[in-house]
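When you get a sec, could you build the whole thing from the sequences and use the hints?
Residue 302, in full-length UniProt numbering, is where the sequence shown stops; the numbers in between run on with no holes.
Treat the hints with care, as some may be off.
Derived pair list, reagent style DSSO-like, types lysine-lysine, alpha-carbon separation capped at 27 Å [claimed, not checked]: (1) K252 <-> K171; (2) K144 <-> K81; (3) K14 <-> K59; (4) K238 <-> K301; (5) K49 <-> K82; (6) K144 <-> K274; (7) K288 <-> K242; (8) K288 <-> K171; (9) K204 <-> K18; (10) K75 <-> K171; (11) K26 <-> K107; (12) K288 <-> K125; (13) K204 <-> K242; (14) K41 <-> K157; (15) K48 <-> K82; (16) K147 <-> K274; (17) K204 <-> K234; (18) K133 <-> K279; (19) K157 <-> K98.
Just so you know, the hints here were simulated from the structure itself, not pulled from any lab data.
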Amino acid sequence: MNYLITGGTGLLGKQLSKLLLANGHKVAILTRSKREDSQVKYYQWDIKKGEIEAEALEKVDCLIHLAGAGIADEKWTDERKKAIIDSRVQPLTLLAQKFKEAGVFPKSIVSASAVGIYGFDTGDKNLAEDDDKGKDYISEVVIKWEKAVDDFAALTKSRAVKLRIGIVLDKNGGALPQLALPVKLGVGSALGDGEQWLSWIHTKDLCQLFYQCSLDEGKRGAYNAVAPNPVTNKEMVKVLGKVLHRAIWAPKVPAFVLKLILGERAQLVLGGNKVSASKIEATGFNFKFSILEDALTEIYKS
Numbered sequence: 001m002n003y004l005i006t007g008g009t010g011l012l013g014k015q016l017s018k019l020l021l022a023n024g025h026k027v028a029i030l031t032r033s034k035r036e037d038s039q040v041k042y043y044q045w046d047i048k049k050g051e052i053e054a055e056a057l058e059k060v061d062c063l064i065h066l067a068g069a070g071i072a073d074e075k076w077t078d079e080r081k082k083a084i085i086d087s088r089v090q091p092l093t094l095l096a097q098k099f100k101e102a103g104v105f106p107k108s109i110v111s112a113s114a115v116g117i118y119g120f121d122t123g124d125k126n127l128a129e130d131d132d133k134g135k136d137y138i139s140e141v142v143i144k145w146e147k148a149v150d151d152f153a154a155l156t157k158s159r160a161v162k163l164r165i166g167i168v169l170d171k172n173g174g175a176l177p178q179l180a181l182p183v184k185l186g187v188g189s190a191l192g193d194g195e196q197w198l199s200w201i202h203t204k205d206l207c208q209l210f211y212q213c214s215l216d217e218g219k220r221g222a223y224n225a226v227a228p229n230p231v232t233n234k235e236m237v238k239v240l241g242k243v244l245h246r247a248i249w250a251p252k253v254p255a256f257v258l259k260l261i262l263g264e265r266a267q268l269v270l271g272g273n274k275v276s277a278s279k280i281e282a283t284g285f286n287f288k289f290s291i292l293e294d295a296l297t298e299i300y301k302s
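Take a look at the structure:
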């Protein structure tokens with residue numbers, strides 16, 4: 001198969017590209033700056049100018065959409081909030097337009113989404129894909145993100161899969177290094193009351209999930225991309241301490257301190273979702289890492 005990836009130079013994109021290549025597929029990545037690679041083809045695009053190299057659109061079987069500005073990277077000014085949404089929506093609007101102009105269409109689109117669609121803090125409720133969506137800013141981001149995927153699919157008549165991703169566990173990026181650093185320094189502690197749920201997934205499982213969804217024509221719509229056993233924040237810190245051989249003794253970080261430091265972004269660490277993996281498991285997908293301790297042990301084994 002021929003894959004075209006947005007956001008392919010990020011942590012997940014790089015690992016997914018390796019998996020696709022290892023299975024004999026062809027990979028092309030859209031990027032703002034031209035690169036040379038013996039295995040991957042890089043094509044330039046400029047979303048603001050509405051430009052994409054025409055060759056990038058030829059013979060695409062599956063579009064994988066990973067592009068999007070980091071939600072936790074910067075203070076949430078009005079400008080930053082708009083950029084977070086635009087960086088997820090505008091690429092698909094442009095691609096749909098360019099595919100239509102070229103008269104060629106991918107067979108499928110598999111897009112990243114997020115469990116934040118359910119709301120920043122949903123307590124102990126076990127959330128399935130048909131549960132109500134939240135009304136906060138992060139929910140707004142994900143709702144617009146998924147609508148852009150659906151609009152793309154409708155215009156290109158392609159099969160669409162939206163993977164609502166939880167916390168991705170990888171020592172080279174994402175949330176895990178930030179969670180692990182205080183533990184490594186011997187000052188690890190739960191955040192807030194520590195009871196907020198963390199629905200997580202190992203990067204290797206997530207890459208496999210993207211891959212299988214691209215191949216299986218029976219998979220359509222939204223799926224929670226999380227391991228079957230979510231944990232609380234305090235349990236995450238406890239297991240990190242065990243795997244990293246560090247004692248957890250520091251008191252919990254009070255919520256008001258986090259709000260002073262992070263402002264509105266504090267909801268990212270003080271809230272949480274207990275998300276069900278039942279729907280994707282029912283399709284036959286088997287998680288290699290379903291227990292947090294096993295996942296973290298594999299990640300930090302070297």
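Hints, verified against the model:
With a C-alpha separation of about 23 Å, the suggested pairing of K252 with K171 holds against the 27 Å cut-off. Between the alpha carbons of K144 and K81 the distance comes to roughly 13 Å, so the proposed pair stays at or under 27 Å and holds. Taking the CA atoms of K14 and K59, the gap is near 21 Å; set against the 27 Å cutoff, the hint holds. A distance of roughly 17 Å separates the Cα atoms of K238 and K301; the hinted pair therefore holds under the 27 Å criterion.
As the CA atoms of K49 and K82 are separated by approximately 18 Å, the hinted pair is consistent with the 27 Å bound. Simply put, K144 and K274 have alpha-carbon atoms about 22 Å apart, close enough for the 27 Å limit, and the pair holds. The hinted pair formed by K288 and K242 meets the criterion: a straight-line CA distance of about 21 Å does not exceed 27 Å. Between the alpha carbons of K288 and K171 the distance comes to roughly 17 Å, so the proposed pair stays at or under 27 Å and holds.
Taking the CA atoms of K204 and K18, the gap is about 11 Å. The hint holds against a cut of 27 Å. The hinted pair formed by K75 and K171 meets the criterion: a straight-line CA distance of about 24 Å does not exceed 27 Å. Proximity of K26 to K107 is assessed by CA-CA distance (about 15 Å); at most 27 Å being required, the pair is judged to hold. Only pairs whose Cα atoms come within 27 Å are accepted, and K288 paired with K125 is accepted, the gap being roughly 25 Å.
Distance hint between K204 and K242 is fulfilled; the C-alpha atoms sit about 22 Å from each other, no more than 27 Å. The hinted pair formed by K41 and K157 meets the criterion: a straight-line CA distance of about 25 Å does not exceed 27 Å. For the hint pairing K48 with K82, the CA-to-CA distance comes to about 14 Å; that is within 27 Å, so the pair holds. Between the alpha carbons of K147 and K274 the distance comes to roughly 23 Å, so the proposed pair stays at or under 27 Å and holds.
Between K204 and K234 the CA atoms are separated by roughly 24 Å; this keeps the pair inside 27 Å, and the hint holds. For the given pair, K133 sits about 17 Å from K279 by alpha-carbon distance, which is consistent with the 27 Å threshold. Proposed proximity of K157 and K98 is supported: the alpha carbons are some 14 Å apart, at most 27 Å.
Taken one by one, the earlier hints all hold for this structure without exception.
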